[in-house]
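There are 6 protein chains.
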Amino acid sequence: MLSKKRINAVAYEFLEDKEGSKPVVKAMSEIAGSTVMLIAAEYLNSYNGMGVIMGGITGVPPTKVVILGSGTVAEYTARTAIGLGAEVKVFDHHLYRLRRLKEHLGMQIYTSVINNFFLKKELKEADVVVGSLRPEEATCLITEEMVAEMKPNAVIIDVSIDQGGCFETSSMTSHHNPVFKKFDVIHYCVPNIPSRVARTASTALSNIFTPILLKIADVGGVEEMIYAKKGFKNGVYCYKGCMTNLYLSKQFNISYKDIHLLLASNF
Amino acid sequence: MLSKKRINAVAYEFLEDKEGSKPVVKAMSEIAGSTVMLIAAEYLNSYNGMGVIMGGITGVPPTKVVILGSGTVAEYTARTAIGLGAEVKVFDHHLYRLRRLKEHLGMQIYTSVINNFFLKKELKEADVVVGSLRPEEATCLITEEMVAEMKPNAVIIDVSIDQGGCFETSSMTSHHNPVFKKFDVIHYCVPNIPSRVARTASTALSNIFTPILLKIADVGGVEEMIYAKKGFKNGVYCYKGCMTNLYLSKQFNISYKDIHLLLASNF
Amino acid sequence: MLSKKRINAVAYEFLEDKEGSKPVVKAMSEIAGSTVMLIAAEYLNSYNGMGVIMGGITGVPPTKVVILGSGTVAEYTARTAIGLGAEVKVFDHHLYRLRRLKEHLGMQIYTSVINNFFLKKELKEADVVVGSLRPEEATCLITEEMVAEMKPNAVIIDVSIDQGGCFETSSMTSHHNPVFKKFDVIHYCVPNIPSRVARTASTALSNIFTPILLKIADVGGVEEMIYAKKGFKNGVYCYKGCMTNLYLSKQFNISYKDIHLLLASNF
Amino acid sequence: MLSKKRINAVAYEFLEDKEGSKPVVKAMSEIAGSTVMLIAAEYLNSYNGMGVIMGGITGVPPTKVVILGSGTVAEYTARTAIGLGAEVKVFDHHLYRLRRLKEHLGMQIYTSVINNFFLKKELKEADVVVGSLRPEEATCLITEEMVAEMKPNAVIIDVSIDQGGCFETSSMTSHHNPVFKKFDVIHYCVPNIPSRVARTASTALSNIFTPILLKIADVGGVEEMIYAKKGFKNGVYCYKGCMTNLYLSKQFNISYKDIHLLLASNF
Amino acid sequence: MLSKKRINAVAYEFLEDKEGSKPVVKAMSEIAGSTVMLIAAEYLNSYNGMGVIMGGITGVPPTKVVILGSGTVAEYTARTAIGLGAEVKVFDHHLYRLRRLKEHLGMQIYTSVINNFFLKKELKEADVVVGSLRPEEATCLITEEMVAEMKPNAVIIDVSIDQGGCFETSSMTSHHNPVFKKFDVIHYCVPNIPSRVARTASTALSNIFTPILLKIADVGGVEEMIYAKKGFKNGVYCYKGCMTNLYLSKQFNISYKDIHLLLASNF
Amino acid sequence: MLSKKRINAVAYEFLEDKEGSKPVVKAMSEIAGSTVMLIAAEYLNSYNGMGVIMGGITGVPPTKVVILGSGTVAEYTARTAIGLGAEVKVFDHHLYRLRRLKEHLGMQIYTSVINNFFLKKELKEADVVVGSLRPEEATCLITEEMVAEMKPNAVIIDVSIDQGGCFETSSMTSHHNPVFKKFDVIHYCVPNIPSRVARTASTALSNIFTPILLKIADVGGVEEMIYAKKGFKNGVYCYKGCMTNLYLSKQFNISYKDIHLLLASNF
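Chains as they are written, first to last, in our numbering: chain A, 2 to 268; chain B, 2 to 268; chain C, 2 to 268; chain D, 2 to 268; chain E, 2 to 268; chain F, 2 to 268.
In short, the hints are calculated from the structure, not lab data. Be aware that a few hints might be false.
Because identical chains share one entry, a pair is satisfied inside a single copy or across any pair of copies.
What the hints assert, rightly or not - Keeping only pairs whose Cα atoms sit at most 30 Å apart, straight-line, the calculated DSSO-like set for lysine-lysine is: (1) Lys152 / Lys241; (2) Lys103 / Lys23; (3) Lys182 / Lys122; (4) Lys216 / Lys122; (5) Lys216 / Lys5; (6) Lys125 / Lys258; (7) Lys234 / Lys103; (8) Lys125 / Lys241; (9) Lys216 / Lys125; (10) Lys258 / Lys103; (11) Lys23 / Lys182; (12) Lys230 / Lys103; (13) Lys241 / Lys27; (14) Lys216 / Lys103.
Note that the structure is predicted; figures quoted are calculated from it, not measured.
Looking at chain A on its own, in the form it has when it is part of the complex (with noise of 0.2 Å):
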């Protein structure tokens, strides 16, 4: 369709800034790894699951809480569990981003590289775990095992759904039919988390896409955007109606093409 048209699309995900980090991605990272710990506080409650409170309760042991990755959305649910009086552990494969994590929250936390041995020890104890590894990365890290070891009611939420998943025992779903239960675990699988808190959302976008279409009326139209910002261009995956985004054409069995040499035959 696309195609046919000739269009000029951009995928606001792909878009970078000037350090050539995903804007689009951090702010709904951020949002999402806000939101997540509120998720999970939900279906701890006595209408939906254990009954329990995330912490701080002078005498009552802690909820559990074990983040798989270290990522933004990992530094801000570790942020928000530990303001709820949560316990907290995070594990990843990598040891620069764990402690990368470490800096930005500015405190002691319990971080461990991903090993067989302290994470299932871990994942039988815990009341809530959060998948947010990349996906290269995640794939099949929790298996069907260690999840049926996990205590009743515990709850799952995988934000890298949308990209495989963490869990083997995971699979997508939607705001209006959340969760479901395999080995009495709660999972909660919704692929676009920050739509429940939907003008925040939306006010994070503006706040990037307003300066770009600034530009643009700048610059004098898209097209004269796609020359003038490299990290626009990185936002194009469809130019004049061709496929330029290599992940997108695998994924649909569209033929790509490199988007500078498309470019170029323009003059």
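Following the hints, position chains B, C, D, E and F against chain A.
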């Protein structure tokens, strides 16, 4: 009924610990306070209300939380709200209570003596208002007009509802039907908030009751316990069928007897 | 001996300050608490035990420290342990003491009422257990079976050892031979921990005694001081050769006299 | 003049360190940022203005500080303002800069992308507004109308004044006559704030220059240093009498020569 | 005069709240303490003194602040000084007051019992010395010789000046002529510091007085209030023309009458 | 030997991660830094030295810790020292490193550029001095005269000893005989501090090596790994018997070959 069966009845919310404070009230206040912001978050999400998150998202102003009162509920509400990244403002009649709150939180925080000028201004801008004033100080504090000027879909949580409430517009609701709207403002007025997290609440209660029951076994019975422990005696509201709690005797119009005279008459 | 020489003797650990608390006990508890984790670290290192560090290393789970009690020793132990990056869990019988501990530390921390279920579970996983309960609450709390299930080379430090100890397996040791092993668990049971840091301890004591000595000079002698200062009088255990401390009179089976009667008889 | 004498001149604000950032600019920004709130406090006191304190007083709402920009000046201004108990709101065009500010401060803080709706609202309520945007982003940001709506005796400090300023109403002042009033708002527009604390500023500068001078001695002279150290070369604006700084050449209309060509021509 | 007119006069600094502490004194101490470091900063800047900043500048040692006393003034001074990045050392006679200060600040801080060895050493190196000891403990604490050995242009702020002062060299000054130099040390000895921030001070006072005035209206007059509220009665120093404050009666040599006897004689 | 057997040898301290930093060096530095203050505490106790505690005791000035350097060792040393209540001062040659240290610690701290005036002064008063400068910046920094003026029984820990050391007076010691005294100052100069906590160190190492070994299995052998991973290749110091590390070839006087040429010659 109790009277006929000549029962000794203990109201656990009147029990006192060694320091003279009421441990059950305190524990339930900790839980209620820690739960309040999770409730607020639920009614701020896209399915129930504004679609905003508490805070912490870079570049998006945080939600505004106004807390009325500065006791245990307020302290735990404030701590959770700050942990979630909200902007918190606490109002109370008493300076020494606000000062104590600041010491307990261990940080600088906006505090204000209740004063119509500042209060009205902040209510107009608030996303969440939590009422946790003591009954004698709460009555009618927030008038209908003040509520009418609040933002559409703002959330009021009236924790003091079982003792009259802080808002002229609030009236008791239940866990099955917890909210109603007035002036387009969401009112949550469920009296027993801790039952939302029933297991945590019962752990907290058994933390208090187990030592008392062991002590009763130790001293040789309830009767002996009443003599032995002043804090326990203060919890007795019905002694051998006689109403010994002044507040309840007035409430239900039953004649009141002083427990000390009754105890003395045993000799 | 004291009795024959008709001496006035003051036990400095019974002295009281204006607030009615015992300054010497408090100062020594601060020092003991701050030292305990350094001792633990010594017995966790490769030459004495497990070869592990308290915590803070990225990707390596921290050591687990269980603290029994929530008074001054516990507070300073917890603060140091957290400062060293350990995972800290505090158990006590009393909610109000746990609450006070949290206020003094100014942060969220795992607290639990002493309850066999949680306590046994945590002891099995602990690397360090510190006992600092009051004598009347400590006796036999941790049984032989509980210690037998602890990890090999775990470290027990029984700060309450001079008043009976918190562990069935502990028995007093000395600075020259400070530890023994039972059930493969290292027991450190030296009663006078502050003498490990003798200069700090003596500065702390002279902070307390110098003003008292100056005051004695001021009022005109020890005799006058006993009349003038209630806190000082409470420290006197031998007045003109008469035993005036009830606890010691029982301990050593010496007849006890009330100091107020003795003082009154001077007129 | 420099040209005639064929002098090599170094502008220390263009020097670069190993990381490519400008150490002199950074150090002066730290000092300016730390000083700004003290200046504001001076103009808020009873002899100069509103007679209010920054904050921290129990029961008295804190003053409101709006910071424009999120670089080093903004970071140090925010840290000081928070330390003084003020309510701080930071606005910037760039999300990644706001994110970095939050990481450096190590705490949650109100951040907003610059957007007329929020900005106007906050300016109306602000007691202090600090402008520290980069010159290319600052120009005319705060218009006359916006200033006209600010509170009487509010304080504007325009740290960017030497590069054009953030406020339409601001114009350069001096340490001898540092403020003027426009629309009843106090404007402080002294370009060289660090000279208020001259000794600290000169220590900070000698921290940077001493190692450079030692290095020059080491390599055998200024000429050699220019070859040896890229960071030093970048600071040279006049090489053997030729203007080698593009910015200055435009400013003063002097013909510009590329320093690399000049250096190459030496061979 | 008051006596002739048979006036009832209330000294607001003697009013007491429910907790028995003096709210006016406390509020004014919070303000004085929060202001002290701003005053110090003013006298440390290049136009008045050393030309140094409080602290926080990377690579530049912070200024040294010595605080004498550990009450409310000291607490707020310390908090502000730490917020500004200074190096803070607190001295007091009483351990329990220093301990309370640490709890209120919620952080580790240098505290020392007042002892000539440490005190002299720190005074020699101090940039700022704040005196806030209680009058009975302050007198002549810092002798002329000690001040003589301080750094040139160091700043002394004697908050206790209205009750005798902590420094032998200090003598009262006014807001119009606030400082003098002795031994080249700047002395700031203005007795009523809070009037520097008059609006904040009057908000703080009206926070206290408004509820009292409302209460007076409520109970039916000042006379009735004296009977009803012990805390209010304690503030009365002149009852129907009779001096009822012992301290003032001695100060001005007016015969003193016990207010309780006067009240009783009304019946 | 390696040469004869034509072995491929990897020096794990030269391995690099994706970010180009050396993970083994970083992990060992974290451990060394976290251990340093525990070692210092051991040599400050009554049996080895001064008999003082790090800090935190109310009314007793804390011990003074001077840290030379501001890399990972310094960061973890500072964090531990602050956690133990000591007074910490950090010196380094580079402002940007000190700035980074402050950001990582997330708090204000005394930092100073290395400068004889301040450094000498602080060394005289220090109880503990930790040397962790990079070899090229460390040599002879602290001269014999400076050490001679230090306090008796002060503790020097020279973490840089394996690369030359920061102190003229230091010379390598071993875990069996870790300290010596010079000028009455205790010198601890054991090169491999992490082996004090061997299990933690080996967990940290296996965190790094396990993924590498798994990767080697994945790509099909060591040879393939050298081609595939630049970070791994940089760790190879002996390729098929040829010395490929410049530093070691100089050290042991073995002829050096560039690994890239060797790899290329395989084709």
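Results for each hint:
1. In this assembly of identical chains, the alpha carbons of lysine 152 and lysine 241 never lie at most 30 Å apart, being 53 Å within a copy and 46 Å across copies at closest.
2. In this homomeric assembly, lysine 103 and lysine 23 come within 30 Å of each other (Cα to Cα) both inside a single copy, at 21 Å, and across copies, at 18 Å.
3. In this homomeric assembly, lysine 182 and lysine 122 come within 30 Å of each other (Cα to Cα) both inside a single copy, at 21 Å, and across copies, at 28 Å.
4. For the homomeric pair lysine 216 and lysine 122, the shortest alpha-carbon distance between copies (25 Å) is at most 30 Å, but the shortest distance inside one copy (52 Å) is not.
5. In this assembly of identical chains, the alpha carbons of lysine 216 and lysine 5 lie at most 30 Å apart only when taken from the same copy (28 Å versus 45 Å across copies).
6. With identical chains, the CA atoms of lysine 125 and lysine 258 are never at most 30 Å apart, being 48 Å at best within one copy and 52 Å at best between copies.
7. Proximity of lysine 234 and lysine 103 under a CA criterion of 30 Å is satisfied inter-copy only: 29 Å between copies versus 34 Å inside one chain copy.
8. With identical chains, the CA atoms of lysine 125 and lysine 241 are never at most 30 Å apart, being 53 Å at best within one copy and 47 Å at best between copies.
9. Proximity of lysine 216 to lysine 125 under the C-alpha cut-off of 30 Å is restricted to the inter-copy arrangement: shortest distance 28 Å between copies versus 52 Å within a copy.
10. When the C-alpha separation of lysine 258 and lysine 103 is checked against a cutoff of 30 Å, the pair qualifies neither within a copy, at 41 Å, nor between copies, at 40 Å.
11. When the C-alpha separation of lysine 23 and lysine 182 is checked against a cutoff of 30 Å, the pair qualifies neither within a copy, at 34 Å, nor between copies, at 40 Å.
12. With identical chains, the CA atoms of lysine 230 and lysine 103 are at most 30 Å apart between copies only, with a shortest distance of 27 Å across copies and 33 Å within one.
13. In this assembly of identical chains, lysine 241 and lysine 27 lie within 30 Å of each other by CA distance solely inside one copy; the values are 28 Å within and 46 Å between copies.
14. For the identical chains of this complex, lysine 216 and lysine 103 are inter-copy neighbours only, at 26 Å across copies versus 36 Å inside a copy, given an alpha-carbon limit of 30 Å.
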